[in-house]
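Got chain G; can you put chain H on it based on the hints?
Protein sequence lines, in the order shown, are assigned to chains G and H.
For any residue, its number in the working numbering is found by taking its place in the first sequence, counting from 1, and adding 21.
For any residue, its number in the working numbering is found by taking its place in the second sequence, counting from 1, and adding 21.
Some clues are possibly wrong.
The list makes no distinction among identical chains, and a pair is therefore deemed to hold if it is satisfied within one copy or across any two copies.
Unchecked claim - Here are the simulated lysine-lysine pairs, DSS-like style, with alpha carbons at most 25 Å apart:
no., residue 1, residue 2
1, Lys71, Lys50
2, Lys50, Lys24
3, Lys404, Lys370
4, Lys50, Lys359
5, Lys394, Lys278
6, Lys404, Lys165
Calculated directly from the structure, the hints in this document are not laboratory data.
Since the structure is predicted, the reported quantities are computational estimates derived from the model, not experimental observations.
2 protein chains.
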Amino acid sequence: MEKVIKVGLLGLGTVGRGVYRILVGNAEKIAQRTGARLEIARILVRELNKDRGLELKPEILTADYREVVDDPEIEIVVEVMGGIRPALDYALQALQNGKSVVTANKDMIAAHGRELFEAAAVSGVDLLFEGSVGGGIPIIRPLKHCLAANRITKIMGIINGTTNYILSKMTAEGTSFAEALAQAREKGYAEADPSADIEGLDAARKLAILASIAFNSRVETEHIYVEGISRISDRDIAYAGELNYVIKLLGIAKETKEGIEVRVHPTLIPRLHPLASVSGVFNAIYVQGDAVGNTMFYGRGAGELPTGSAVAADIVEAARNRLNRVSGRNGCTCFEQKPILPIGQMQSKYYLRLVVADRPGVLASIAYAFGDKEVSLASVIQKHTDGRRAEIVMVTHKVSEQNLRDALNIVERLSAVDEVCAVIRVEEEDLQEGAL
Amino acid sequence: MEKVIKVGLLGLGTVGRGVYRILVGNAEKIAQRTGARLEIARILVRELNKDRGLELKPEILTADYREVVDDPEIEIVVEVMGGIRPALDYALQALQNGKSVVTANKDMIAAHGRELFEAAAVSGVDLLFEGSVGGGIPIIRPLKHCLAANRITKIMGIINGTTNYILSKMTAEGTSFAEALAQAREKGYAEADPSADIEGLDAARKLAILASIAFNSRVETEHIYVEGISRISDRDIAYAGELNYVIKLLGIAKETKEGIEVRVHPTLIPRLHPLASVSGVFNAIYVQGDAVGNTMFYGRGAGELPTGSAVAADIVEAARNRLNRVSGRNGCTCFEQKPILPIGQMQSKYYLRLVVADRPGVLASIAYAFGDKEVSLASVIQKHTDGRRAEIVMVTHKVSEQNLRDALNIVERLSAVDEVCAVIRVEEEDLQEGAL
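Chain G with its partners taken away, still in its complex shape:
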């Protein structure tokens, strides 16, 4: 007789609907690959009678979460409600009840991963969260399994679709930030309150998850240096282009001898870097390992079916583990606790844009202030704006953030300097052998 594994859903919003459509639509294929039929037995919803455009037996809907997390027949609970409360309480209760839990909830995993993993370990069940980063892109399992023999040295990710859409639009069409944001809203790529996306917090949560896995050391969101894209001007995008760079909002995590660097900020990357051509709402995560070299994982970072694909794959995995009685064998991988470097200690190149008085000696006084703090300049372009004011664009060599900040403090006070309009970090890699 065919085996059946019962699945309960907490939530039937965008991702929940995707999971439902995939599990029902690809039921045969999934049963073949799983070795059991996956049956959605119960779904927690807020409104029982809302039309969701799905053919649902009304009796599987419930407004009482206990009918999902306490049902003894349900083996896998899928949390796709979003937000931290009450999702966390329900997930914990499901784990305590011995159910494997699958979630796409980055906020919850980033903030309460430790607690959830501990509950999963006590019950010997799985806690899986592939859908929490990069939508449909396989990244959590590749990091944990496919790159298991590597010391991961660096991750650079375009892990927020809204900001990538906005920056791509600004780059392709020269539009302003405000215009591009308005268009993102129109297309449904930006929420009514887009601040968590725009200001980099969404990316930071995802980076916390990626860095924790990559470095086997828990990284909390609040330890991540975060800068959003709202101050990026179309001028900077244009000047970056002239210098053969593209501006992307990147989540960057590096392991150095001194500790872990984790930061989210707009970044200039060379036009030929594989991340540079990742446009629109697509996401990509670039991973460097000491054995594998550079790899990249690309795809749709959000949406009903892409995120549903990642969640459904986790459900298949959880089901197979239950069938084989090996649930809970892939638990928390934060074996160590490594120090997080303060932003001042990080090294980077910088793109700078200043408005200064257009008169002899100004550049010399700026260069002197930089030199005094060991900031050396790789290139300087002077852009005249009118007879009295000039715009200067500079790219520095690698320098510690603290030195740069000290230098900028002095430069800003120079009487000839009107404004430091932009300070954007630049990421560059050595040319890869075998690359053209």
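Relative to the frame of chain G, chain H by itself:
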């Protein structure tokens, strides 16, 4: 007491050396992630006394394969000899002896996958082969696990580094095929006899493996239509560029209602396609699923450490499965046998280059012949070479290969047509929602 799992290597060439260096160099990290220490206990080599640049205890080397595959203490046998015999015999014997087998041998897996999987199933052990396709790029496990809830509809892969290096070089620098091949040889990216790479056979073996997994139906290399790159001229690359295309050697596999399409051939792809910017020896596999949409996996397609990374990850997986007593649960996934479409039935757009007499009415006669076979033209560019001969570059709309061939048979016999110099397939996708 710390658990130890003993590993035996068959071969210590490029990949074997990589595996050794990774398992020794990252031993601590790997032990943490595996839950056991991996110890390389025995290595089969041809010459015992050769200097390999590794710090090896001489007693672990052996010239007798039985000391690896028959050693009762060895739990995992890693076949990195390459070639089909005797690798296949050794691998089969190891499987029969109850050892899990890890291999990077695409030739062996493509030609004898069924036999090997059967032996693994009988013994209840793992047969893992992530390193057989795409070097260090995680692709086999993502296809089998991370995309498990998808019906995979299409795979397009740059899965041969030698040809990608040559085509990238021709594209970037306008060099001829012969020149680019010479440079690939100089850099060690092409073998002394590069025909398996150049003529597409290497890519076909890898595509057979990918398509078998993606479609859950065994695809044999001999069923794949294969065309190499040796006839690609720098003229075609230049004209493709003018039309905003890039020429890549792609392995393409599609599942249609009528059956499976599998083919390896030079292909024009739009310059903005994510595969277009994959340069040099890098590989990338573009995968389309009905839920996930378009994804891409990018990285180094060959080399000691990258391929070693994939093999070592499989060793970790095999070890964890042995620790958890669930070896052999991820066996062959060819659940069905779907028909393979003959090349004549495949639909494609085509890029054509002809040399014709430069006189009135020639184009009309060509267009008439095409129209008669339902080949309609999307664009025609006339390039004058001298007063008497003209070069014509055409791109067709989608048409069946059979109709195109019938039309070309007639066109070739037209008195005004000197030569059909190039016939290259064009792959184009509908614009993606959310992409710019």
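Query raised in the report: So which of those numbered hints doesn't the model satisfy?
Result: Numbers 1 and 6, in rising order.
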